[in-house]
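A.B. asks: Using the sequences plus the hints, can you model the full thing?
Number of protein chains: 2
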Amino acid sequence: MEIAHNFMGPGATNTMTRINENGNVVGTIIVNCEGFPETTTLDSLTAATYSNHLRTLSLHASNALKEIDVTDELVVLRLVSKKTEAVVAPDSEFHIIVVMRKH
Amino acid sequence: MEIAHNFMGPGATNTMTRINENGNVVGTIIVNCEGFPETTTLDSLTAATYSNHLRTLSLHASNALKEIDVTDELVVLRLVSKKTEAVVAPDSEFHIIVVMRKH
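Residue numbers (the working numbering), protein chains in the order written: chain A, 1 to 103; chain B, 1 to 103.
Be aware that a few hints might be false.
Since the list gives no way to pick one copy over another, a pair counts as held whenever it fits inside one copy or between any two copies.
As the list claims (entries may be wrong) - Cut-off 16 angstroms, straight-line C-alpha distance, at most; resulting in silico cross-link-like pairs (EDC-like, lysine to aspartate or glutamate):
1. Lys-102 / Glu-85
2. Lys-83 / Glu-67
3. Lys-82 / Glu-34
4. Lys-102 / Glu-73
5. Lys-82 / Glu-93
6. Lys-102 / Asp-69
7. Lys-82 / Asp-69
Keep in mind the hints are simulated off the structure, nothing from the lab.
C.D. replies: See the structure below:
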């Protein structure tokens with residue numbers, strides 16, 4: 001959280017705190033443009049696995065959308081599985097991943 | 001729709017009709033296990049593009065989830081872009097893709 005505060009300003013930490021206050025949220029991860037978790041509320045192994053897979057997936061999704069309509073842009077990618085729900089919000093510099101419990 | 005009725009039974013056509021009755025739905029596509037659109041309410045070119053990209057994407061997502069937790073299974077993949085929203089519900093035999101207007 002300290003890294004987020006220093007490198008991304010108070011906006012990032014406030015957003016993370018606000019998201020984590022939701023009872024269904026297991027954890028959040030901020031992934032940098034190189035695919036490494038910049039800051040997270042999960043343990044580092046889980047964060048690394050999620051950020052690796054979900055960042056690749058969101059890049060794939062973004063490319064697929066661009067092939068369908070070149071002027072379109074990915075806003076959110078949501079994966080609902082039997083056990084969890086994961087949301088990726090991509091951005092040019094950082095991706096934010098939120099892992100949630102199934103409700 | 002006739003193909004859906006003959007090969008997948010009345011359940012498939014009923015589901016497609018029900019989904020298409022929603023005002024936000026642009027079209028639905030049923031993709032077979034080989035990645036080809038089996039039946040659709042979109043034009044064939046759009047259907048082919050969507051089924052090709054979104055099926056690959058849902059397979060990627062499914063594999064990523066399995067790497068995170070081997071007992072987990074993908075239920076729904078939702079892509080929200082600036083212009084549209086697409087939902088993929090994978091199954092062992094068929095994938096159903098629903099393309100929606102942004103509301």
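A.B. asks: With identical chains, the pair Lys-102 and Glu-73 could be close in the same copy or across copies; at 16 angstroms between alpha carbons, which is it: within, between, both, or neither?
C.D. replies: between (27 angstroms within a copy, 13 angstroms between copies)
A.B. asks: If the cutoff is 16 angstroms on CA atoms, where do Lys-82 and Glu-34 land: within, between, both or neither? Let me know, please.
C.D. replies: neither (29 angstroms within a copy, 24 angstroms between copies)
A.B. asks: Is it within a copy, between copies, both, or neither that the alpha carbon of Lys-102 lies no farther than 16 angstroms from that of Asp-69?
C.D. replies: between (32 angstroms within a copy, 15 angstroms between copies)
A.B. asks: At most 16 angstroms between C-alpha atoms: does Lys-102 with Glu-85 qualify within a copy, between copies, both, or neither?
C.D. replies: within (6 angstroms within a copy, 21 angstroms between copies)
A.B. asks: Could you place Lys-83 and Glu-67 in one of the four classes (within, between, both, neither) given a Cα distance threshold of 16 angstroms?
C.D. replies: between (31 angstroms within a copy, 14 angstroms between copies)
A.B. asks: Within, between, both or neither: how does the pair Lys-82, Glu-93 come out at a Cα-Cα threshold of 16 angstroms?
C.D. replies: neither (31 angstroms within a copy, 18 angstroms between copies)
A.B. asks: For Lys-82 and Asp-69, with the copy left unspecified, which applies at a CA distance of at most 16 angstroms: within, between, both, or neither?
C.D. replies: The answer is between: 11 angstroms across copies meets 16 angstroms, while 31 angstroms in one copy does not.
When the structure is compared with the earlier hints, violations turn up for hints 3 and 5 and for no others.
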